[in-house]
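K.L.:
Here's the letter readout for the chains.
Protein chains: 4
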Amino acid sequence: MNAPAAGPVNRMDLMARFQEVRAQTERLCAPLAVDDYQVQSVLETSPPKWHLAHVSWFFETFLLKPFAPGYLPFHPRFEYLFNSYYETLGSFHPRAQRGLLSRPTVEEVYRYRAHVDEAMFTLMHAISQERWGDVAGRITLGLNHEQQHQELLLMDIKHNFAMNPLRPAYQEKLAAAAESITPLRWIEREGGIAEIGHDGGGFAFDNETPRHDVLLRDHALASRPVTNGEYLEFIESGGYGDAMYWLADGWAAVRENGWCAPLYWEKHDGHWWHMTLAGFLPLNRAEPVCHVSFYEADAYARWAGKRLPREEELETMLAKQRVEGNFVESGLLHPSPATSPADGQWYGTVWEWTRSAYSPYPGFQPLAGSLGEYNGKFMANQMVLRGGCCATPRSHMRASYRNFFYPHDRWPFTGIRLAADR
Amino acid sequence: MNAPAAGPVNRMDLMARFQEVRAQTERLCAPLAVDDYQVQSVLETSPPKWHLAHVSWFFETFLLKPFAPGYLPFHPRFEYLFNSYYETLGSFHPRAQRGLLSRPTVEEVYRYRAHVDEAMFTLMHAISQERWGDVAGRITLGLNHEQQHQELLLMDIKHNFAMNPLRPAYQEKLAAAAESITPLRWIEREGGIAEIGHDGGGFAFDNETPRHDVLLRDHALASRPVTNGEYLEFIESGGYGDAMYWLADGWAAVRENGWCAPLYWEKHDGHWWHMTLAGFLPLNRAEPVCHVSFYEADAYARWAGKRLPREEELETMLAKQRVEGNFVESGLLHPSPATSPADGQWYGTVWEWTRSAYSPYPGFQPLAGSLGEYNGKFMANQMVLRGGCCATPRSHMRASYRNFFYPHDRWPFTGIRLAADR
Amino acid sequence: MNAPAAGPVNRMDLMARFQEVRAQTERLCAPLAVDDYQVQSVLETSPPKWHLAHVSWFFETFLLKPFAPGYLPFHPRFEYLFNSYYETLGSFHPRAQRGLLSRPTVEEVYRYRAHVDEAMFTLMHAISQERWGDVAGRITLGLNHEQQHQELLLMDIKHNFAMNPLRPAYQEKLAAAAESITPLRWIEREGGIAEIGHDGGGFAFDNETPRHDVLLRDHALASRPVTNGEYLEFIESGGYGDAMYWLADGWAAVRENGWCAPLYWEKHDGHWWHMTLAGFLPLNRAEPVCHVSFYEADAYARWAGKRLPREEELETMLAKQRVEGNFVESGLLHPSPATSPADGQWYGTVWEWTRSAYSPYPGFQPLAGSLGEYNGKFMANQMVLRGGCCATPRSHMRASYRNFFYPHDRWPFTGIRLAADR
Amino acid sequence: MNAPAAGPVNRMDLMARFQEVRAQTERLCAPLAVDDYQVQSVLETSPPKWHLAHVSWFFETFLLKPFAPGYLPFHPRFEYLFNSYYETLGSFHPRAQRGLLSRPTVEEVYRYRAHVDEAMFTLMHAISQERWGDVAGRITLGLNHEQQHQELLLMDIKHNFAMNPLRPAYQEKLAAAAESITPLRWIEREGGIAEIGHDGGGFAFDNETPRHDVLLRDHALASRPVTNGEYLEFIESGGYGDAMYWLADGWAAVRENGWCAPLYWEKHDGHWWHMTLAGFLPLNRAEPVCHVSFYEADAYARWAGKRLPREEELETMLAKQRVEGNFVESGLLHPSPATSPADGQWYGTVWEWTRSAYSPYPGFQPLAGSLGEYNGKFMANQMVLRGGCCATPRSHMRASYRNFFYPHDRWPFTGIRLAADR
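Chains as they are written, first to last, in our numbering: chain A, 375 to 796; chain B, 375 to 796; chain C, 375 to 796; chain D, 375 to 796.
What the hints contain is simulated information worked out from the structure, not anything from laboratory work.
Be aware that one or more of the hints could be misleading.
The list treats identical chains as interchangeable, and a pair is accepted whether it falls inside one copy or across any two copies.
Unchecked claim - Simulated pairs of lysine to aspartate or glutamate, DMTMM-like, Cα-Cα distance not exceeding 25 Å:
(1) LYS641 to ASP795
(2) LYS439 to GLU562
(3) LYS680 to GLU564
(4) LYS680 to ASP508
(5) LYS641 to GLU504
(6) LYS641 to GLU400
(7) LYS439 to GLU418
(8) LYS641 to GLU569
(9) LYS680 to GLU747
(10) LYS439 to GLU610
(11) LYS641 to GLU453
(12) LYS680 to GLU461
(13) LYS547 to GLU481
(14) LYS680 to GLU546
(15) LYS641 to GLU747
(16) LYS439 to ASP616
(17) LYS547 to GLU482
(18) LYS641 to GLU686
(19) LYS694 to GLU400
(20) LYS680 to GLU492
(21) LYS439 to GLU461
(22) LYS439 to GLU492
Note that the structure is predicted; figures quoted are calculated from it, not measured.
Work out the full structure: start from the sequences and follow the hints.
P.N.:
Now the structure itself:
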């Protein structure tokens, strides 16, 4: 049995952090019209309104109902409407119908948030010291959960806006980055036994535990992610038309969906454009390629005569870097070119696909109770990604962080870092 | 070649009517939150925002662009976004994606309407007398078109609200009607040659023309539509479980969709409830049954040992009645019981399914040009309905009016009137 | 209540006819390998083995079980396996899985046929004179039923062979017909009241009754069906690419299915070929066009400035012709060119699509009991075709015969005769 | 670059083995009627006829065409019809349509086999010693390939027969095995660095290479697979109805497909039966459970408080066992109970699901050319299974063998062995 741990946390600090994370979610929604909160442009995405309510439902369900005596839920049906996938809590609104809910209105959802926030502050003040550990652990989980949804919010808004023939922009166009491409170097790394997994300091999700030994082999990692310009060579050499580069399921995806470039790319009059959160823009060849599926990442690597990294190769490298990079705080909301050969872009910029299937670590135990559904039940058919992206909050990231998506997913900010056997 | 005709129309009168119809559309939207304008709850329905824009697009496309020199469209992409199905005008936004458009916002759509209205008034003032006939004919068509969308707007809002577990109400709950059922009489009618189709006075759609002879046989028509109470007997006697009452395609629909009652009906603790525009209410057995498919109407008739009327039987009867009844002007927006044995409910209340496939009348010619796509191209696989419903504007209805839906459609206000051979 | 009627039938005559029809079914299968009996190439078709068994099931179910005391069914599960769609008889094997039944084997199915035949002859000998009328009526229905399946057998074999990249031939290649096209004349016909429907002499299906008056309008009928050459003009002028010729549902079918020519047509090196029961052959422009859907027939007619005939127009014309033409007895199994301007090809050659939805005649009563499911329940969403085709047995055809298919069906031998208003 | 290796192989030995494997395939088909060769009961399966031809196509494509000068293919279209999935060889017949090919007939397919066999013997005699190594490597691959299809043949026949309401039997009913269940013991195993992968002696598929170190942890393995009786406890305790035991994708599969027991199980009058290759039989509680998906295996393990083994845990155990067990040679074609506590059933009986996603070994290189498509391209979304089953030829199995199926697959002979962390 396993409970979320946050380590010793000061009440005032946690309240400040609660305030900050909750406010940040709403800041991210500031550019939206009421109309924008409603849309679910494809099954994988959710309406902004739903994100806003669901993260509040998380606090209501896992903190207020069990720990705040006399807490009065904002609305009796919200436990049904805003449960995402916790089967052990009872039935929930079908994912495919999240976009069909015009009610509650956006205004009501903001009132729901305020209602939950108020009750949460009361709880944080009132809870006994004895139970503070448990409560602080869960609140920290809830805040990390909300940060994950902040990232999804941006990815989902981008998808919705990209589907719209009017091509709205979420934010102003940014100054264009230079197109000069930083040369790619290979970083040689020796094999041996190494440790990965959460080392116990600070918060981590259950799927990062337990820390354990792994056997690394000699290998090399690319000094930065693959760029749009490099990926264009793959396209132009016919990569999307030659089955020999593709996994069988990837080739099937290419043909069924007519993939011939990353998501959001379009060719007009011989020039490539793509959708960004700053609107529809010409492609910059120096930027890291983004919005590719695992299949595309894998095919590119095979075409290039390389392979994708294993998650333990990336984690041991990440563990040596400072957690810095193009995170959401940069305000770019877009992968930018490496600024120098020393800029490894290990953190932020793009989530990097690994060749590792998302599986339980040896000895893995999910959290107890319904919170055990948070991560463990998704350990099939998905691939691990590492390092965070330009929509990730910096405080949310660490070396042991395991993100996961289906191999066909393209709407997250996903990119490619190459590896090679030695 | 065929052009929409409105007969001699006074400019001031048409301007007043334009003003009135356009304002009525917006009045119908007054109870909506911004959030409600966005949703397409199922493929057949459209978001209110789309309806508001599409009817304006109609005037822009068929009046302002051809007749108003120098007219500047509100937005260059709206001709793509708000074309419903006019293939000869070019490609258009896929129907299935109408609910995914968060932009234009509701506020922009209202500005679009104002832009079009202003240009339309300018046109109505400025157009030469020579071209007035053409223009007046098209405007009249456009206003009738908008009235059709007023009705769809209400049907679509009802569907969206009914899909929402919060079960919002569009309007206040009305005073409950009595549950006493008016006895059903049979009106005997002799056969012979009769005329149907538009007789040339006032506006009609092209599908009501030409007026022509038909051969009627001796038959009888029920004095009022079938009630909820009568339909419940069909349900309770196992009608939905016995293939012998059903057309083959209807039986397939029953099984695939799990139909066991009209759309919007639910049984809770032994009592039937249904969704209405005034919210979720107990079923009133005296009200006409509504939201049944053609298949259900046909199965009910077979179970009752009767049949559905042919469209010519209804039209010749309607031609003898005054155009009065439970129309949208009643404000009920719901089928109400017949008030007396003399209240035939021939007009309004519920659209009555006929046994007539929607086919061209002998000698039918569609309107010239793209307007020819208005009605003619739908003359396959659909059934004719007659008489209007509680969401129809009274000024929109006439004896020769031919509505049409697919036999599986249930979201319109559709009901049943029985007929019998004699 | 309604029972199948055959009129006064002599026992010896009916036994001879029984013998002949049953033998003809097996003769049609003679060219098949055991392997060919098994395949269901698309949902609409059935494996030859299934046809062979189902028509025997019909006699077992409607004659032997009710009328032959002590009849022992060949196999207890065949009543489940070979029921086509008679819901009132109980559940049945799903249509989509007919091709998955490797057992019973072909050899067992032939033994089943022999078993049924023997019991049928015993019944025909032994039944009392009192019950002979009923029995003879049902046997006559069963034989007409089997003749319908003979036609389906050929259509289904053709479809299966056409799907096979080896393009097998069912029969030897026939001598090529001349390519000279008989000029098309227009036969002018005056309107007025006429009678259609079965006149009571000999067998008819229930859907041809009752005979009743119809009101015809002045019109003209083409002197022969549309040829491949004429249809090619429609193709070459871009008919499949221009929505203005198409019903909305037809246009959707064109786009979803990528239709650009009749079924079985292929263009190789600038020349059109098509699949026939004699293998893959160059297209003969003089032959009547075949394997077109109602949508294509309707679009062609609109392109040509004409319309499709109504079923009453064709029936009153057919009633004046002798039942002669290119029927299955010709052995061609393919539509051949008209031999002279006097050869109207009214019967046989191709089933002619009409503009008439398949609806009940006024006063229609289906047969009593389960046999009532034979025709009546299909009276929605289908269109009437008239006159028979090159796969129809001549003895099966008459002026009042109403065939029906869905408007998208193309695998039957369906063609086009034009009509025009006058 | 990588070529299939067979080690030093004597020509006479290989010819004998060729003869034997090819004959065994045909022996497995002996109980089939011609009708049975045709059916593809579901997308994953193939018709027996197709298997017979495809394995011959393999020799034609990879041996005769490149190595036998002047070889005349049996039929020019077979290279299209019987290519399974080798994209780099050109287009091929769609998998979903394998069951629609009534031609070539079974008789022709057997002639095709004879044609290929004759040419292969000529090749094996005539090829120069210099090229013998290459040829022998490819032939050995081809024979192992054919053995894989022997196993698929039996699995596919079982599925087809199980879909048939007549429930045919492939072979006579065997003597019933005792129902006494061998107690389950736990075999404790210490962790450390171990080697897995093919050690270079004899044939192996490319996916078993290279041999490499892995890091094992302390763990225990169950002494035998889970039995039907044990699995029934899971069912009876509500395992299929409780989401907490299931991976998210597994729970979705349970609900979409209505799974409530292993494939082929049915409950009649309170007793469980299941389909076997000897027909429909009562369930024996002592037999290993079979025809479960990875999701069911994983859920069972979680319910039991254990986990599934990793592939390296099983391989290191298998490497210590003799390759003996219930293989196809036993003639049972069904999982039989363990005969004693010492009977670990490590080989044969049922393929054992592992918790390992099917991924490339470190340093993996696929075979050169089109043969590289044999295994490598399937390394996504599938899970590894180990040990062989009752339909596997004994000579086909070894410790390093990696089989793989999708986690939802149930039609192979798949079972469960538990593991536990220590």
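K.L.:
Please go over all the hints and tell whether each is borne out by the structure.
P.N.:
Right, here's what the structure says about each hint:
1. LYS641 to ASP795: Cα proximity of LYS641 and ASP795: none, with 35 Å in one copy and 51 Å across.
2. LYS439 to GLU562: neither (52 Å within a copy, 44 Å between copies)
3. LYS680 to GLU564: within (17 Å within a copy, 35 Å between copies)
4. LYS680 to ASP508: For LYS680 and ASP508, neither the intra-copy (46 Å) nor the inter-copy (27 Å) Cα distance is at most 25 Å.
5. LYS641 to GLU504: For LYS641 and GLU504, neither the intra-copy (61 Å) nor the inter-copy (48 Å) Cα distance is at most 25 Å.
6. LYS641 to GLU400: Result: close neither inside a copy nor across copies, 35 Å intra and 41 Å inter.
7. LYS439 to GLU418: Classified as neither: same-chain Cα gap 29 Å, cross-chain 40 Å, threshold 25 Å.
8. LYS641 to GLU569: Classified as neither; 45 Å inside a copy, 50 Å across copies.
9. LYS680 to GLU747: between (36 Å within a copy, 18 Å between copies)
10. LYS439 to GLU610: neither (57 Å within a copy, 33 Å between copies)
11. LYS641 to GLU453: between (45 Å within a copy, 23 Å between copies)
12. LYS680 to GLU461: between (41 Å within a copy, 22 Å between copies)
13. LYS547 to GLU481: Answer is between; shortest inter-copy Cα gap is 24 Å, intra-copy 29 Å.
14. LYS680 to GLU546: Cα proximity of LYS680 and GLU546: none, with 38 Å in one copy and 54 Å across.
15. LYS641 to GLU747: For LYS641 and GLU747, neither the intra-copy (42 Å) nor the inter-copy (32 Å) Cα distance is at most 25 Å.
16. LYS439 to ASP616: between (55 Å within a copy, 23 Å between copies)
17. LYS547 to GLU482: between (32 Å within a copy, 22 Å between copies)
18. LYS641 to GLU686: Answer is neither; intra-copy 37 Å and inter-copy 47 Å both fail.
19. LYS694 to GLU400: neither (34 Å within a copy, 61 Å between copies)
20. LYS680 to GLU492: neither (53 Å within a copy, 43 Å between copies)
21. LYS439 to GLU461: For LYS439 and GLU461, the Cα distance is within 25 Å only inside one copy (17 Å; across copies 53 Å).
22. LYS439 to GLU492: within (14 Å within a copy, 56 Å between copies)
Checked against the numbered hints above, the structure breaks hints 1, 2, 4, 5, 6, 7, 8, 10, 14, 15, 18, 19 and 20 and satisfies the rest.
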